[in-house]
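Trainee: Here are the chains, one letter per residue:
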Amino acid sequence: MPAIQITNLSKAYGEVKALSDINLSVNGGELFGLIGPDGAGKTTLIRIITTLLLPDSGCATVLGLDTRHDYKKLRGLIGYMPAVFSLYSDLNVEENLNFFAGVFGTSVRENYDLIKGIYHMLEPFKHRPAGKLSGGMKQKLALSCALIHRPKVLILDEPTTGVDAVSRMELWDLLHEIKDKGITTFVSTAYMDEAKQCDRVALIQKGKIFGVNSPNGFAQMFPYKLFAVYSSNIWLHLESIRQMVVCETAYMFGNKLHFATNSFDLRAENLRESLLSMGIDAQVDEIEAGIEDYFIYQLSEKSRS
Amino acid sequence: MKRILIILQKEFIQIFRNKTILPIIFVLPIVQLLILANAATQEMKSIRLAIVDSDHSPESRSLINAFSHSKFYTHIPVEGGVNVSIEQIDFGKADAVILIPKGFGEYLIEGTPVNVQLMLNAINITSAALTHSYTSGIIQNFASSIGMETINVTSSKPSIRHWYNPELNYKLYMVPGILVVLVTIVGMFLTAINIVREKELGTIEQVNVTPIKPYQFIVGKLVPFWIIALIELSFGLIIAKIVFNLTIVGSIPLLFGFAALYLIVALGLGLILSTSASNQQQVMFMVFFFMIVFLMLSGLFTPTESMPQWAVLFNKINPLYYFMKVNRMLILKGSEFSNLWDSFVAISIIALLTIFVAIKRYHKSV
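Protein chains in written order, with the numbering used here: chain A, 76 to 380; chain B, 746 to 1111.
The following block holds chain B by itself, in its conformation from the complex:
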């Protein structure tokens, strides 16, 4: 036990003396949360919309007004025909074009169905889909308002309410995910690099001729980064609270309990990778490779339910998937342990397996 304390003391001296890693540990969460949560947003703002009005009737003007009053659109007035408006898309000046046909107003007054053409720049499929749904929504609203005035028919629309994130605030959805990424980077990268560094410098040779036992060395190496990663998580949560006003609905002890288990896996993976690498470059690439795969399948950006069968199966052993899920359920939804116990069991099993393999591999590599 005393020997582990001596190793821990040495590790902490080295970490706090490191002029690169220490600042990164604290700058990383701030930058990542601010940039990613803002940049990786799927909300549409300021859609550049060109409207070609071939009708010039009061009705067509009131449809145009419906768009120019919306905060989501920047209205680009266009004179000329269809070709001119398509050029707007080609040159990247507009994201969408609406064509109001001649006789639009008259048809509406008669009550005859009338078509309005919507053209979208679909290079970014996600934003095109969103623009489509926003725009159709506004046209529908406009149509029903006209209908109410003239034909006096009440239309009933299904009303939608979004639970847990009522304003569909994409940032709130992203922040717990980014916290997962942060904690993983700190845990996995720092552990792996730290151990490989000892190999690179040859210090591990000097350590190996001492009576230090492998488990003592491993504990001494993992505990500092385990603690740092948990501090990193708290730090990230505080920033999320200050900047995004993110409130943790669920139990904080439960959140940290899961993080503690998850980190055993992340650090263990870092250790396993470090045993198969002989320099920092190699281990960086390996960690990066595994992290990207785990991350893409974890549901950070896309829902895991709609992934193919193999991905769903893979996620059963993907530690990031569990942490991502539990983190969101706890932070946004406030789930109880009774809803999360299966994830707790899964991550515990993965943690045990990882540590087992890590110690085995370490024995072999020494």
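With the rest of the complex left out, here is chain A:
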């Protein structure tokens, strides 16, 4: 039985279709990522899974329990960390933890082993009001509060948005630890580079899921041969490069340019020479496509069709 099963799920806000006919299955014990741009429907889907919102049609079950009918039972089994910080900012770290442990009918001591790793970092601030913590510390406290009742499934809505790079890394390390303890973890994010942290990933765009796979699986679905082109100010030549006959698509990827081609016998030297003939002196490497390349490919395919 999958930990989360979503069947033909749709939800609209008036005219706006937030989710249309979504199907998704998350296995028990996996670290699952829901990746898509802002406004893709990630939060709506998460609010339905966490029993806070009712779908218009279709159904979602978590641990075999229906989110519509068995919500009372489910609420004790799910841990949820909303996108915006929503703990009591006038209560301190300890009081927040005790409150949430209390309403779940458990105590901090009982489940201390589960949050030990996170709480260790929070300990020096345990008497500080939650509202006065730094962004990263707030996230850690929210995570502790979501875990304090030893949930079977942990659901996090964009936990890394608005958090500095170091805290992001720390948070993913914590999520791996949580997953290793056997808790199914479902994370949404708008950052594609975080996809490789997950066991499996669902790509969501405009309320539709257009692929579920492992990060590597997605990379292998990229249909072109890919080169990375390094040169200073390479973006100035983006338009002229796109005009090349062999170029299927080209786009900026950080400070380099990704060049995709249908000619699978094209070699890095050939491309370098062609570029040189256009007056572009660049270093060219043949590279493996990543999930981000696939995502960009998919997005451009969609906009073309």
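What the hints contain is simulated information worked out from the structure, not anything from laboratory work. One thing to keep in mind: the hints can contain errors.
[Stated by the list, open to error] Cut-off 30 Å, straight-line C-alpha distance, at most; resulting in silico cross-link-like pairs (DSS-like, lysine-lysine):
no.: 1; chain 1: A; residue 1: K377; chain 2: A; residue 2: K92
no.: 2; chain 1: A; residue 1: K300; chain 2: A; residue 2: K281
no.: 3; chain 1: B; residue 1: K944; chain 2: A; residue 2: K201
no.: 4; chain 1: A; residue 1: K201; chain 2: B; residue 2: K958
no.: 5; chain 1: B; residue 1: K747; chain 2: A; residue 2: K147
no.: 6; chain 1: B; residue 1: K944; chain 2: A; residue 2: K281
no.: 7; chain 1: A; residue 1: K213; chain 2: B; residue 2: K1061
no.: 8; chain 1: A; residue 1: K227; chain 2: A; residue 2: K271
no.: 9; chain 1: A; residue 1: K207; chain 2: B; residue 2: K816
Position chain B relative to chain A; hints supplied.
Mentor: Same frame as chain A, now just chain B:
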């Protein structure tokens, strides 16, 4: 049950940590009682009276003396005619003007009826009416004293005695009413704002994914403010005793019993309003709107009996009206339960209805 205790504990920590609300809870009764009971008085003091004496006889002088000896009047001597005295009113220097006509003394000695003209600044209708009745009273007294001396006729006057508030002390009448307002503000406002705050901050989202049941959440939210409002009432009564020497004639347990029932309504209304608001600003306005309407019809300032029929009917469901009535009856008159049972029944029914609607609405809004 344990879950409710945990919510209560959390609420109390938050209330006692709040640097704004806690002081207000205790400063509010002191300030309101002192200011309102003193400022909202309908007693007249130091009426500025200008007397134009056109007669200059011993009789006219003794009438003037009657006024200048009264503690209610400040006598403004005026030289000149009628026009000068009207100017006194126009420029706001006098509240009333008395014109003593020429020949006033002679007419009195002859026993012929004589007219004294009284002009009033009636911008404030209430104070004008009171000034009129005070002033006529003094003139009547003066007339009868003259009459007794000269014609030797005994006049009999109806004697009036005011029950329950023998000195017609307006403060005693106002204080129980102000206590009602106080308790309502604390109950309704604090509850409504507190719940909307959880919505605003998003904390209600985190609470909703826990196994907390709606009734547990509601009880956890209402009980702290119920207790605080009852403490507020005791605090107000103590201040009223110290400052105004107000003694509760009736039964104190009965008073608190009614307050406890009334507060269920006030808190329930706060909860209902909070379910239809999404931020503190909205809920403040809504609470204010309802409170002012309930308050104006409740009989705080004006007797409800003389209100139009629709207002009398509306008051049947106006919780403030019942609390206002019972509070005054208990504090000033010392009414027994046998005189108050209908109000108890009414407020209980209103309380049940309010709580029913509140829980229904809360279910829907979550």
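Trainee: Hint by hint, note whether the structure agrees.
Mentor: Checked hints:
1. K377/A x K92/A: 17 Å, holds
2. K300/A x K281/A: 28 Å, holds
3. K944/B x K201/A: 25 Å, holds
4. K201/A x K958/B: 29 Å, holds
5. K747/B x K147/A: With Cα atoms ~18 Å apart, K747/B and K147/A stay inside 30 Å; holds.
6. K944/B x K281/A: 28 Å, holds
7. K213/A x K1061/B: 51 Å, violated
8. K227/A x K271/A: Given that 30 Å is the threshold and the Cα spacing comes to 23 Å, the pair holds.
9. K207/A x K816/B: 62 Å, violated
Consistency note: the structure conflicts with the earlier hints numbered 7 and 9.
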